[in-house]
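Protein chains in written order, with the UniProt record's numbering: chain A, 1 to 106; chain B, 1 to 418.
A couple of the hints might just be wrong.
Said to hold, decoys possible - Below are the SDA-like pairs computed for lysine to any residue, each with C-alpha atoms no more than 20 Å apart in a straight line:
(1) B:LYS385 - B:VAL159
(2) B:LYS114 - A:ASP34
(3) B:LYS114 - A:CYS44
(4) B:LYS114 - A:ASP65
Worth flagging that the hints you see were computed from the coordinates, not collected in a lab.
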Amino acid sequence: MYRVTFVDADGQARELTANEGQSVMSVAVANGIDQILAECGGSCACGTCHCYVDETWTERLPAPDDSEQGMIECLMSPTERSRLSCQLKMTAALDGLVVHLPREQY
Amino acid sequence: MASATPKASVSGTAFEPLSTAFAQNPYPAYAALREKGEPQFFPDFGMWLVTRFDDVAGIARDNSMVRSPEFFMSHEEIEAEKRAQNWHDMPHHSRFVQFSMLDSDGEVHDRLRKQVFREFTPAFIARQRGMIQSFVDKLVDGLIDKGEIDFVEDLAAQVPGHIIGRVLGVPDEDCPQLRVWSENVVKFFDIDRNDERKATAEKATTEFYHYLQKLMAERRAAPQDDLITRLIAAQDAGHLNEDELVSTCMLILMAGHGSTIDVLGSGMHALLRFPDQMERLRQDPGLIHTTIQEMFRFESPLPFFHRYSTADCVVGGKAFPRGTKFGLLYGAANRDPTAFGDDAGSFDVGRNPNRHLAFGGGAHFCLGNHLARLDMEVIFTTLIKRLKSISLDEAEPQYKPGLSVRGPKALRLTLAPA
Ligand code: HEM
Ligand code: FES
């Protein structure tokens with residue numbers, strides 16, 4: 001079990017547990033984090049699982065692939081820390097990950 | 001070969017998707033299917049109907065479930081299947097409609113979707129807001145003068161086709177013709193297929209194709225800031241061929257046309273059927289986003305799509321072999337109490353979260369969902385602001401028959417300006 005923390009737009013933090021290989025999106029959805037809409041269910045086809053990775057983590061994550069990068073460029077308010085949470089899979093290296101949630105997905 | 005009128009008894013439950021009773025209220029039949037637990041076989045279409053939320057969502061999001069049978073059928077088998085479904089001998093229809101982004105999977109699907117995806121993302125779509133607002137304002141001006149209207153024909157049907165047309169780059173004056181072609185092509189998808197509709201669909205596809213050929217030639221000669229010009233550039237760059245380009249334009253023009261008209265109609269009808277919810281929205285216009293989300297859930301306008309399994313699988317506790325055809329009833333899943341609670345059958349403009357399946361899920365998740373939502377947001381916000389009251393002039397509006405679409409045929413209203 002790994003830990004992942006979601007911080008909402010008002011600064012409220014929730015720490016949750018994740019299994020090996022589970023996506024950050026599915027941790028959010030399973031625990032009622034409503035800001036992660038995840039309308040396509042993790043197919044990298046909707047862009048509604050957008051989150052901002054905490055600064056302390058940006059360097060430590062695997063880079064987005066082409067389809068994730070293409071999607072991120074089309075989001076409402078992307079920054080350099082933007083990621084699609086459905087494409088972030090939990091591993092030992094990501095234990096303790098902190099992500100910030102946008103106020104709205106669109 | 002015309003297909004017989006489907007009338008199926010699903011394991012004892014009368015499930016008659018072409019009946020008037022079903023058109024007026026399909027939800028009791030959907031509930032009966034859900035309560036069976038396992039998927040139920042629908043012999044007329046040779047498919048298993050899936051109605052529970054978890055099962056429908058699971059299949060839609062599963063990459064081993066595909067829309068095109070080519071992953072497990074030979075070319076000959078596919079041709080035989082087309083004959084059985086009366087889909088054959090339609091050269092243009094099979095070239096541009098039966099083949100599409102929606103009906104491809106894997107690498108081809110990803111490549112086609114990538115060519116247009118950007119244009120339909122929230123940031124791009126938001127740029128259309130001003131255009132949609134001024135278009136709707138003008139329409140509403142005329143309707144307020146009229147007082148008594150058919151909401152479906154006089155308002156709903158006037159908007160989505162024009163907006164998609166503008167995104168694509170179709171001149172305004174051609175949009176009414178596109179609507180006729182779209183309707184004639186789409187009608188053939190429903191379960192009551194016959195030879196007359198087949199001929200009409202093929203003729204419409206052919207005319208549509210010739211129209212797009214002419215438009216493409218114009219854009220080649222004089223490029224514009226529109227989707228069709230960008231698709232031509234993508235073709236020149238080798239990302240898609242001309243048939244794929246034509247097919248993609250047709251899909252975009254058709255996929256969101258009737259469906260948006262239908263949900264505008266059923267959404268308005270829902271607000272009128274539940275005046276307390278209309279009042280809630282009037283008191284708090286900030287509820288518009290959850291209201292629209294609820295309209296899609298409550299009366300999902302495209303309630304029925306299919307998938308084939310490419311591997312042995314278990315659905316609803318029952319084992320199925322590779323090559324099984326499933327009918328996903330999004331409209332039934334969206335009323336499932338296990339997903340939406342005991343009030344799944346009520347219309348709640350504040351419902352949140354509301355993770356419905358009206359736009360599908362997975363790789364084929366609706367490309368145009370933000371455009372459809374924006375059309376609806378502008379229309380309902382404008383009406384609520386500009387009208388003191390809206391009243392329904394008929395006891396029971398008639399809904400379109402069939403399994404593939406859901407929406408009122410007409411909605412007679414009286415409008416009183418604010
Ligand atoms: C009321 C509005 C709409 C509804 C309910 C709706 C619903 C859907 C659904 C359920 C699917 C997935 C089909 C499946 O699961 O097999 C889909 C796909 C699609 N929709 Fe929509 N749609 C709407 C509006 C639009 C609009 C306005 C467009 C215009 C661009 C559009 C374009 C598409 C396209 C291109 C696909 C295929 C995507 C793919 O295969 O990757 N839709 N739509
Ligand atoms: S869930 Fe749709 S892109 Fe991540």
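Looking back at the numbered hints, which does the structure fail to meet, lowest number first? Hint check: 2 fails alone, others pass.
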